[in-house]
Structures are given as C-alpha cells and as structure tokens.
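Chemist: Letter by letter, the chains look like this.
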Amino acid sequence: MFHVEHGGQVTVSPYEYPTEYEVVVVGAGHAGCEAALAAARMGCRTLLLTINADAIGLMSCNPAIGGLAKGHLVREIDALGGEMAKNIDATGIQFRQLNTSKGPAVRSSRAQADKQLYRLRMKQILESAFGLDVKQAMVDGILAEGGRAVGVETNLGVRFRGKTVVLCTGTFLKGLVHIGQVNFPAGRAGEFPAMELSDSLRSLGFSVGRLKTGTTPRLDAKTIDFSRTIRQDGDADPVPFSFGNERITRPQLPCYMTYTNAATHEAIRSGLSRSPLYSGVIKGIGPRYCPSIEDKVVRFEGRERHQVFLEPEGLRTSEYYPNGVSTSLPYDIQVRMLRTIPGLEAVEIVRPGYAIEYDFVDPVQLTPSLETRIVENLFHAGQINGTSGYEEAAAQGIVAGINAARKVRGEPPVILGRADAYIGVLIDDLVTKGAQEPYRMFTSRAEYRLLLREDNADLRLSETGHRVGLLPGERYLAFRRKRESLSALLRRLSETRVVPGHPACRAVEEAGGGPVRTGITYAELLRRPEVTMALLLSCDASLGEGADGVALLAELTVKYEGYIRRQEEEAKKLKKYEEMRFPPDFPFESVYGLSTEVRDKLVRVRPISIGQAQRVPGVTPAAVALLLVALKRGRVEPPPAEE
Amino acid sequence: MDDAAATTIVAPVTPPGAGAVSILRLSGDRAFPIARRLTGVDPAAHPPRTLSRCAARDASGKEIDSGLVAYFPAPNSFTGEDVAEIHLHGNPILLEEVAAAACASGARPAEAGEFSRRAFENGKMDLTQAEGLCDLILARTAASARAALRQLNGGIRDAVAPLKERMLSLLVLLEASIDFSDEEDLALLSVAQISERVSEIRASLFAYLKSYDLGHRLREGATVAIAGVANVGKSRLLNRLLGEERAIVTEVPGTTRDYLSGEITLSGIPVRLVDTAGLRETEDPVEREGVRRSREILAGADLSLFLLDASRPADDGDRGAYAEVAGRPHLLLLNKSDLPSVESGKGFYGGGSRGILSLSAKTGEGIAGLLEALARELVPGGSAMMAEAPMTRLRHADAVRKAVSALERAERAVGEGLSLEFPAADVREAMLALAELTGEIAPEEVLNSIFGSFCIGK
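Residue numbers (our numbering), protein chains in the order written: chain A, 1 to 643; chain B, 1001 to 1458.
Wrong hints could be hidden among the right ones.
Straight line, CA to CA, 25 Å or less: simulated PhoX-like cross-link-like pairs of lysine-lysine [said to hold, decoys possible]:
(1) A:K433 / A:K572
(2) A:K559 / A:K573
(3) A:K559 / A:K482
(4) A:K572 / A:K632
(5) A:K135 / A:K86
(6) A:K433 / A:K559
(7) A:K576 / B:K1346
(8) A:K575 / B:K1402
(9) A:K572 / A:K559
(10) A:K573 / B:K1402
(11) B:K1124 / A:K433
(12) A:K576 / A:K601
(13) B:K1210 / A:K601
(14) A:K632 / A:K559
(15) A:K572 / B:K1402
(16) B:K1164 / B:K1210
(17) A:K102 / A:K573
(18) A:K575 / A:K601
(19) B:K1362 / A:K559
(20) B:K1402 / A:K433
(21) A:K86 / A:K174
(22) A:K482 / A:K573
(23) A:K576 / A:K632
(24) B:K1124 / B:K1062
(25) B:K1164 / A:K573
(26) A:K482 / A:K576
(27) B:K1210 / B:K1402
Rather than coming from a laboratory, the hints here were simulated on the basis of the structure. Bear in mind the structure is a predicted one, so any value in this text is a computation, not a measurement.
Working from the sequences, and respecting the hints, build out all of it.
Modeler: Given below as structure tokens:
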C-alpha cells in the first residue's frame, strides 16, 4: 500500500514510471547537484528532479562561492570528490584569498562566478554523468511504505520509485516572496513554489517550521558611475579551489566598493511602515549575520554608513549584485534608497530585491548521516535543514548523496567528526542543536580550527573520498604522492643539521633573527618566528622538490607543532566519546535518574554517541555520567524494587 | 515498571539514631502525591515551604506517627524537583516505617548523595557548590565551615565568573576579527591591547590561585611535625601546644617510640601536630621503625618545628637530625629557655629555616610567639584571604593552573607575532579549563555575543 499525501484538489490516476531508481534527488540547487553527482558517481542509478531545468545550479543570491569558513567547506567537498570547487574554478571571474594577513587556519578562498556559466557548466556535468537522469518535475509528495521512503509523486501524477530519496528543496517549500506589502507564492522570484511537498512531510510526522531569507536588487551596470566607487581587483595570481587544478586562466573582473549614507538611511526609515519585516507580515526567522539593509539601519542606528560591494554577475551581462543591500522594502523605496548611494545616483534596477519565506524541517529529526529518523531511506540536505549558503548546502548534499548510495548498498554511513572537517561541524551542529535561524558556517564554530585548514583539506578527507568510491583514481594517486612528499620533506627538515655559517643560518641572521651559535636542524630554524619556508628554499632549493603545496604544509606543521599537537590531543579525547555509540533503539526515555527536562531533550535529538549527547544543549555533565553508566551496564531501568 | 516512580526517591536527611526530630525527604515527580497519601495533607491546599501538622499513615491507613509536613514545589527546592519533607519523632523505627510506606507508594530509597546529585543535575548547584556542601557538612573548624558555606553559595563560581566574562569578551573580539575581517568598521584591538588584556586576566587568575594555599588547609587541615633528637623536649612541646598530657614524659632518651598527635585550631585551620620519634641511628628494631615513620611524617608535613636543647651545645646528632628538615619549611626552636642558655642555634640557620624562636615547653615561655609564627606560616595572606571563597581542592587549583598556563601561551603567541587564531585557541583553552571548574562553554555563546554587539552584514 502506498501512502500518498495529496493537498491538491485534482485527482489524477497515478502513472508508475517504468524505471526504478536507487537514489531520487529532489531539487537541483547546490545541495541537489552534489547529492545526485555523488550517488551517480558511486554507481547508483540516480534521478535528479528539478522544478525548472533552466535553473540547475543557479546562484539565487550573490554570484560568489567561498568566503571565510565557506572556502574551507568548498575545499572539503573537493577533497571528497565533489563538483563545487571544479565548477567555480572553471567559471570564476575574480578570485581572492581572504585573511592573508591572518593565520593559516583562517585563510579562506572566495571567488566571483559568472553566474550563467556556473549553472550551465553544472548542468552539463550532470547531463554527462553516467547513470544520472535529469528531469523537470514538481514533486508533491513522498511515497512511503511501512515507515520507509520508496519514491516520490509529482503534480502530474507520475510516481518515480527510488530505494532512497534525498530532499534538497531550498526555498521552494511553500515559498512566499515579499516586496513591500506585496507578496506572492514563488520558489524564488520568477519560479513556481512547491506547495504540496511540505504537507506531505507534515503528514508523515515531521515537524515543519518557517524561515526567511532575502536578496538584493540587481542593478544595470550602464547606469552605475563606477568612477565614484573604489575599485577592488582580485588576486594577481588566482589560487584555484580544487586540489586537482593548478591554475586559473579565465580573464578576471574587478569589483567596486561604495557606502550608504544618512540620506540612504533616511529613505529606508521612510519605508519601514510598508516593510513586510517591520509591519509583521513576515513570520519566518531570518539570519542575523546576513541582515537586510533595513535591519542594519534599525539595529545599528548610530552607524553613519554601511559598505556596499558592487559585484558583476558575469562576463556577458550588465547586471550587478550590490552586496550589502539585501532588502524587501517597497519598490519605490528601493529606487530612492539606492539612488542616494555614491555611484548609484542614476541607477536602474533590473530586478528588485525581495525577502522569501519558506518551510524547513528541523534537522534534529535527522541522524548524522542526514537520513531522517522518522522515515527510513529519506535524506534531507541544504536549506530544508535550516542552513543558508551555497557551500553549506553543497556540503550537506555530498554527504547525503554518499550516504544514500551507501544505504542502497547496505553499507554503514559516512559520518565526519568535528575534528575531521567543517562538514562534520556543520552536520553535527544541525542534528544536535537544530536550527533556530538560518545556519551559516564560521571558523569559530570549529573547536579544532587549527586542524581544519583549507590547505590540508585533502590530507583530512581524500582517504574518505577514495574509500567511498567518489574521488577519481588519478586524484587519489596525486594525493598519495603529495602525502608521501610531505612526510619526506618533514623528515628532511628535522634531520638536516646545519652549522653556524651555513647559508641558511646566514640568511636567518640577515632576516633579523638572533645569531645561530650551534648546529641546528632546519626544523629548529623554521620554528623561529622570522624564518619561513621561502627563506630556507632560497638557501637550499632541493627542499622545494616535493609536490605542489607541500612546502607550505611543512612550514605550518613545523611552526605550529605545539598548537597542532594540543588540538590533536583534545580531538583524540573527543573521539573516544564519539566512539561510545548508543544502540539504535537505546531507550533514552527510561534512563535511570535523568531529569524530565534532560530526558526530553535527549529523546528529541536521539544522539548516536556519548560525544553527541554531551553537545545537546541542556545536557549536563551529570546527565552524561548517567548515560555512561546506562550504556556500560546496559542498565536503563532502575534495579527492580521488588519482583 | 512505572517510569515516574523510578525518579522519586526517599531517605532520612537527619542522622541515624534516636533524637527529638527526624526528617524524611521525598524528591521527584511523584513526591507530592506520595507524601499526600502518607500524611493526608493536600499540597494544593497548603502554602508551599510551610509546615503543616499531619498524621503519618501506612498504606492500610494505620497511623504510624504524628508530625509535620512541608512541600517545596519544583524548581524552588533543594533538588530542583518537587520535594516533600516529613518531620517525625526521632525514633529510627518510625522513620523506617514511614519510608517503607513511601516505597510501597512508588518511591525508591535514595542512594548516598543522590539528593545533591539531583540538585547538580537540575542546575541548582554547580560542581564547586556541590563540593562546598559536602565540605560544609564535614568541616572541622568554624573557619572551615565558613569557607565551605561561601563555596556552597557559589563563591568560587562568583570569583571566576568575572574572569570568564573578561576572557569571553576578549575571545569575542578575537573571533570577530577573524570571522568578520571582511566586514567594515569592526572596533578591534591592537596587538598591544590584546597582550595587555591577556596579561591582566592571567594576573587576576594567578592571584586567585594563591587562595588555594589557604583553602586546601581550611578543608584538609595542616600537619606540623615536631622534630629533633631524643630528649630535646618534643613530647613536652606537643603537650604544651595541646594543653593536655598526651605523651609520656620521662628523662630516658628515646622514650617516645611512636609518634603521637593531636589537633588544634589555628586561625581557623585545623592543625594536626605530630610528635616524631627522636631522629637517631639505633639498633633497636622498634625504635628504628619509629625513625622510619618519623621520616615519612616529616616528608608529608606542611611545616616542621625543629627543636634544639639550648642548655647544651648542639652535637653531631642534632646536626644529623637537622639535615632531615633543612630542605623543607621549618622553624628552628631553642627549647629549655628556663635553663642557662649554651646553644644559640646559629650553626643551624640555613636553607629553609624561617627564623629562630626561643621557648620553654616546660614553663610555657615563648609559646604564644610560636603560635603566632605558626599562624603566619600556615595562613598565607592572613585574614584578608579569609573574606573570599578560597579554592579548596587540588582539582580547582589544577584547573586554574591550566588556565594560567594557556594564557601564558597566549601572551607568548601575541608577543611572537603569531596570528590571532593562535592566542584565540589559547584563550579558548583557558576558558574551557575554568568551565571544567563549574560548567560548560559552547562556541554558540561566542557567536551570540558577536551578533549582540556588532553590526554584521554581508
């Protein structure tokens, strides 16, 4: 018996689609593309359904990939064998390394994309993937049988059967666009919403909530006076995201910077009474760290100006994205407000900014494999889990795709730890703490930040990418060579002893370091603050014979050895608790001695390990001690008082 | 098994044995219905936290005792759960009968410390408070009890909370400048300011660490060993200090074969005084065993009192015995000041000695000065320290030491010009160490503060 939820009025007799899939992915945004590619590349017969086949891999908001902490996610996706890094490398029009003046752990990559090229290349990759069908369809319901997902049904009454289903619905679930007092259902401006699917989820027992996000107006470059703005060029020598790419050859474009002012803020204030945010029309919770310009003006009244970056949307369009002025103010206010900004005095809006409310499914209802606990074989990834950001979505997408494929094969899920990857931090935060507002990644969310660097993402994750069968063989071999060449270099650094007067010692002294008085190893020299690998290379070129990027890795490994070791030790302690797994049916309801409050929280999250249980908000150290006792003794009931 | 019953516990909270009144406490989801069944007093009809007269009955309705009952609804109770307390006449048999009746109604006998554990679990107390409660019950002197009470009232938490606060606000700035460096106009700190803030916090923590010297003595007491060769008056000094005849006092050398001890209170600290056997090489196996044990005591003592007989010149025996204490904290005492003085102790004024005192254990002359000197040595910081809640356990000191050394690393990192994520890692580690004292810290806290105080736009 099928259990199908229909909210619509029209009943059509269902058509059973003749092909049976192993993985059905709903939604072809950044999460859906990675999920579908991962499943197909792992050998699963995969179907990717999208509401609009012209909007695959579309950048609905800003035309950029990466940024602080997000660049880390992109490199991790790449190390596992995902597509995002390769796609931005192929379509990027301005690459920048952020935080270069800061330390190695928080350096991040960011790139502007040619938005249209980005989506077209992604579409092409999907279309050419073996075992992957891409179809345009609006999914209305999940087909579930005995608590298991077995496929989806579309608004046309087509039933696509799949052993597993991955939902990557973005902002499309009952999407409602707001511009001033006007609002209308849409998945994103100009596209159909999915009006039925979240009801289907509700009827299956999911708790569904509402979030809000927004975007900026798009501006016509012909009407921007760039001479009144500050030009910002990308890096002269752009660094690719993908470990598989050596250089970026595409021509690069500049961005421009300008500021709001008192007149802008005045225009914004004059529109607040007609703002859907401030008149109470919008009920969904928006992201604090990505506030609309009206939010910034209201919350930080004293600020005289706010930065606005003008970013090109592509090589063959004159649309510009004014980063910093996301808004859902009425159209007239958007025009007035923008025209107060230097450079934008005569600006024409191509598309207005808007806010969008959409349904999401609280991710505490998922296991760390991203499979739902309520319906087996059903996975959720991306904004449906309450996240924001392309990179966060893609990171979940690749994990959901991997784990759906593994589920099909009867293999245990891949779960990345908090000390393994930002992806691990992201998913653990989601399934342990839920999402109260759109979740964005920050480096400060990671306890082991010094271990989770962009530069070592391949060292951390390529082994996993290879093991699951996702990372291509030649990439894995290149990674192995790099790892071997790193350990060879580290050995050389710690074993090569130089005496005072050696060119390296002289170079160090010239660089302002203290005099070298005794024999000393390269590694010891490198530990001095003023010594860099580049300096040693200039004295001993043979140190640079290893694979690409190895010299930098070696420098960091040697220089920050103490810090890295301490974090590794902490991580090891954590791992011990992560490995203390609860059996799947562990009765949190009846663990002896737990307070009702703590018990309710544990029942809500159902952590898979003691480690995860410790991180459930409100679970006290004392409660963890009780869980340990219960787990060790297998004792979840109090000793019987009498027979 | 009824799930709720598992969470309701019962136990007497007064000491075992007969007395005027005994109190039985029930805590848990079903404490009220059970107590109501036992006493007939409806918690809904009586004001909370006040005593009501009642008759305690068993399940069959037979009256066991007459007494009083009070209801403490959650969360305003000791455990944070619903708590009922039944006051009965102080006969253990009655108490047991009522407890049995409570168990028949679905309660379970509480395990040792279970009420406190629940209070901790339910956030009524942090770890140091729970420790304070335990120490308060076991305190041996009024000052120890006061220190324990301050700890129970959250004194340690209150002492470190402002420091944690300062670390958090520093970390917020560090994190903000890392995670939002692409944002505009963040009011960030210069390297010098970071360095200054870290070193201020470290200095405050280090100052608080000093309280452990006093705190652990308040809790554990101090041991003072009385040392010296045979017949210099060690036993007599012990008796004098204890004010009672505890040791056998004879003129035969080596009479004290075993150590004797007693306890006095000095500036609120319980001080155990231990008389060691004469430290001399001997063939007598019994005495030799005494010497061996004396050495152990000297090694473990907080302070030693080394006695010389001032009425005779010091000899090699004295000098040999002195070698045993010379490297440890000690006071040099010239005993027998009632006799003509021959020995000045000058040759002994070395290494760890903190001064020479002249006294007569026989007459009591100089004893007051000795007590003052003892107090000075054992109560560092004196009465000023007594006002705050000192750290009382090694665990506390270890956690704070860990925090201090993490902050030292942060200072070094800033000084060496390392980028901010390194001192940030150190400050985080220091915060975690302090969180070990009392509770936890989630990275979410840090982010919340960032969002609360900065305009972050993308």
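Chemist: Does each hint hold? Answer for all of them.
Modeler: So, going through the hints one by one against the coordinates:
no. : hint              : result
1   : A:K433 / A:K572   : holds (23 Å)
2   : A:K559 / A:K573   : holds (24 Å)
3   : A:K559 / A:K482   : holds (19 Å)
4   : A:K572 / A:K632   : holds (20 Å)
5   : A:K135 / A:K86    : holds (23 Å)
6   : A:K433 / A:K559   : violated (35 Å)
7   : A:K576 / B:K1346  : violated (60 Å)
8   : A:K575 / B:K1402  : holds (22 Å)
9   : A:K572 / A:K559   : holds (21 Å)
10  : A:K573 / B:K1402  : holds (17 Å)
11  : B:K1124 / A:K433  : holds (23 Å)
12  : A:K576 / A:K601   : holds (23 Å)
13  : B:K1210 / A:K601  : violated (40 Å)
14  : A:K632 / A:K559   : violated (42 Å)
15  : A:K572 / B:K1402  : holds (19 Å)
16  : B:K1164 / B:K1210 : holds (18 Å)
17  : A:K102 / A:K573   : violated (28 Å)
18  : A:K575 / A:K601   : holds (23 Å)
19  : B:K1362 / A:K559  : violated (68 Å)
20  : B:K1402 / A:K433  : violated (29 Å)
21  : A:K86 / A:K174    : violated (32 Å)
22  : A:K482 / A:K573   : violated (28 Å)
23  : A:K576 / A:K632   : holds (14 Å)
24  : B:K1124 / B:K1062 : violated (37 Å)
25  : B:K1164 / A:K573  : holds (23 Å)
26  : A:K482 / A:K576   : violated (29 Å)
27  : B:K1210 / B:K1402 : holds (14 Å)
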